[in-house]
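These protein sequences, in sequence, are chains A and B.
Numbering-wise, the numbering used here puts 141 at position 141 of the first sequence, and it's gapless, one number per residue.
Numbering-wise, the numbering used here puts 17 at position 17 of the second sequence, and it's gapless, one number per residue.
Because the hints were derived from the structure by calculation, they are not lab data.
Just so we're clear, the structure is a prediction, and the values are computed from it rather than from any experiment.
The beta-carbon is built from N, C-alpha and C at its ideal position, and this holds for glycine as well.
One or more of the hints may lead you astray.
[Claimed, not checked] Computed footprint of chain B on chain A, listed as stretches where at least three residues anywhere in the stretch have a Cβ under 8 Å from a Cβ of chain B: (1) 19-25; (2) 226-232; (3) 285-297; (4) 335-343.
[Unchecked claim] Reference excerpt, derived from the structure (chain A facing chain B, CB under 10 Å, subset only): (5) Thr6; (6) Glu281; (7) Thr321.
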Amino acid sequence: MNRSRTWRVLDLGREATKNMAASWLRTLLLLAISAGAGAYALVADGNALRDLAEAQQRFARAGGYVVTIQADQSSGFATASVERGKCLALGSIDGVVSAGTSTTTGVTRLARAPSVPIQSVEVDPETLAIWSGRYGLNQTIASEPGAVVALGPGLASDFGMIEGDEVSITEQRFRVAHVLQEISRNPRAERWIVFVGRASDDAQQCWIEFEPQAFPAGESLVRGWFASAGPVTVTRLAEPAVLGIDPAKQLAGRPEGRAWMAAGLVVTGSLWLTIWFRRSEMALYQTVGTSKSQLLIMYQLEAGLVALVGALGAATWVFATSLAGVNQIDSQIGPILLWQLTAGAATVALLGPLPVLLSRDRLAEQLKDR
Amino acid sequence: MKFGNTTVLDQVSFALSDGESVAVTGPSGSGKSTLLSIVGLLLQPTAGVVKFDGRQVTPKQRRSRILDGSISWVFQTTNCIGSRSVFDNVALALRASGVRPQAELIESALAAVGLRGFENRMARTLSGGELQRVCIARAAVTRPRLLFADEPTGQLDRSTSEAVLEALHQARSSGASMLIATHDQMVVESCDRSLGIEEITRRL
Numbered sequence: 001m002n003r004s005r006t007w008r009v010l011d012l013g014r015e016a017t018k019n020m021a022a023s024w025l026r027t028l029l030l031l032a033i034s035a036g037a038g039a040y041a042l043v044a045d046g047n048a049l050r051d052l053a054e055a056q057q058r059f060a061r062a063g064g065y066v067v068t069i070q071a072d073q074s075s076g077f078a079t080a081s082v083e084r085g086k087c088l089a090l091g092s093i094d095g096v097v098s099a100g101t102s103t104t105t106g107v108t109r110l111a112r113a114p115s116v117p118i119q120s121v122e123v124d125p126e127t128l129a130i131w132s133g134r135y136g137l138n139q140t141i142a143s144e145p146g147a148v149v150a151l152g153p154g155l156a157s158d159f160g161m162i163e164g165d166e167v168s169i170t171e172q173r174f175r176v177a178h179v180l181q182e183i184s185r186n187p188r189a190e191r192w193i194v195f196v197g198r199a200s201d202d203a204q205q206c207w208i209e210f211e212p213q214a215f216p217a218g219e220s221l222v223r224g225w226f227a228s229a230g231p232v233t234v235t236r237l238a239e240p241a242v243l244g245i246d247p248a249k250q251l252a253g254r255p256e257g258r259a260w261m262a263a264g265l266v267v268t269g270s271l272w273l274t275i276w277f278r279r280s281e282m283a284l285y286q287t288v289g290t291s292k293s294q295l296l297i298m299y300q301l302e303a304g305l306v307a308l309v310g311a312l313g314a315a316t317w318v319f320a321t322s323l324a325g326v327n328q329i330d331s332q333i334g335p336i337l338l339w340q341l342t343a344g345a346a347t348v349a350l351l352g353p354l355p356v357l358l359s360r361d362r363l364a365e366q367l368k369d370r
Numbered sequence: 001m002k003f004g005n006t007t008v009l010d011q012v013s014f015a016l017s018d019g020e021s022v023a024v025t026g027p028s029g030s031g032k033s034t035l036l037s038i039v040g041l042l043l044q045p046t047a048g049v050v051k052f053d054g055r056q057v058t059p060k061q062r063r064s065r066i067l068d069g070s071i072s073w074v075f076q077t078t079n080c081i082g083s084r085s086v087f088d089n090v091a092l093a094l095r096a097s098g099v100r101p102q103a104e105l106i107e108s109a110l111a112a113v114g115l116r117g118f119e120n121r122m123a124r125t126l127s128g129g130e131l132q133r134v135c136i137a138r139a140a141v142t143r144p145r146l147l148f149a150d151e152p153t154g155q156l157d158r159s160t161s162e163a164v165l166e167a168l169h170q171a172r173s174s175g176a177s178m179l180i181a182t183h184d185q186m187v188v189e190s191c192d193r194s195l196g197i198e199e200i201t202r203r204l
């Protein structure tokens, strides 16, 4: 009899699929459990991630990813300022939404109310974009011709001024290019006169807004950016504790992030149960010369197929229900959900067939197991 | 052979010749199955050796002895994969041995046990006697030199036992030796000789 190599992996794969097809009801049940558990994990984490994305937006609107840089006053350096050019240069770096300076220039007076002292500040247009929390605002203001100012909403209201008005400040005429509508990130600007585009080269503060994902690294790197001019103080505009939200911590600590583990263990447990009822089958394979390691590979291929087809089923179901509007899974969190499915499927493929190793060596007795 | 403090077999010694069929008899619990398990490399004896062609063999060599066609088993319980066809169940032994399961080889093995035309039947649809004959075909299809059968008719009625017994002897028509544990006098009479457990012990 011509004997070649026993049970190659391909043969074991064929044997596994034949067993799966032969016991189609068991296979169908396992696939349903696999797809159901996978879909549950995806929907649970998808919803958690969507909620977190909304929390992140609220956090960003509140200035959670904004820092201010100012020269360390106690350093003894003569200038005690930050370089405007360096600050603006940050704006062109990936992960930075906007960067601009502000410098308080003292008290000024409007011609129409000479007895009222008003705080005046010089800023870059980019600074206003950060204060407002609205992208694109800097472009609007920067393109304004002539001498322009922006007014805090309280000041504009007090003196009945609107955009387009002309004001006389210390005998010079300015056009009100903008009335700041949203200054939640800098409430002190409520009654400020803001000279846009007149910031000096040595500024008091540099305002920087980061993209959420770039914030932790950016916050620690920005100190070195200004280090050549002397020590600086980096201050977060809003601490997570103050805002009551910390999206980064919530993302890392969300229990739904481990849903793949729960789904994987559910399917693994189901596989263990079915393997328990296949003890005599395992003994049978061994009595015809199959080794335990070959059995393990065969059952691993079965488990892998169950996990893979279940994962595909889960992904298809979630995708279809998202299209139908039943779920609202954001496509941007696809990679995280893909990780969930992959990790869950790998758990099933690795742990699912382990009982094979625990099967008894006394084959005659194991053959009687039902 | 000891299981804990219980000695089941003590100082047993016998030889099996090429092509010989030997029935092992004895009361329940006397150690017939244990003896078959030891000689068939399913169990490691606590003392003593098993020799094959004059060389000592151990359960560690069981797999290689199966794969080189030295040994094969038929058990009391009928072990088939119920959801697979008769053909697949017999082909299993060939596939495990790295032999391409040719249809004529399997048909011939099934014909030898009286199951010609059963190839495509699902194993779960067969009767106990038919299943046992499938197990015999599976054990014989690799043409082993030594066939072990542990009470193969233990769960069968008289007429089915006769069919199974005939199948067993047909299956070893290629010259295989057979060691068979049994209570069944019909099986004992069909073998070349029989060894009672007490008789074996007495020979020490």
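Against the structure, test the hints numbered earlier, and report the numbers of the ones violated in rising order.
As far as the earlier hints go, 2, 4 and 7 are violated by this structure, in ascending order.
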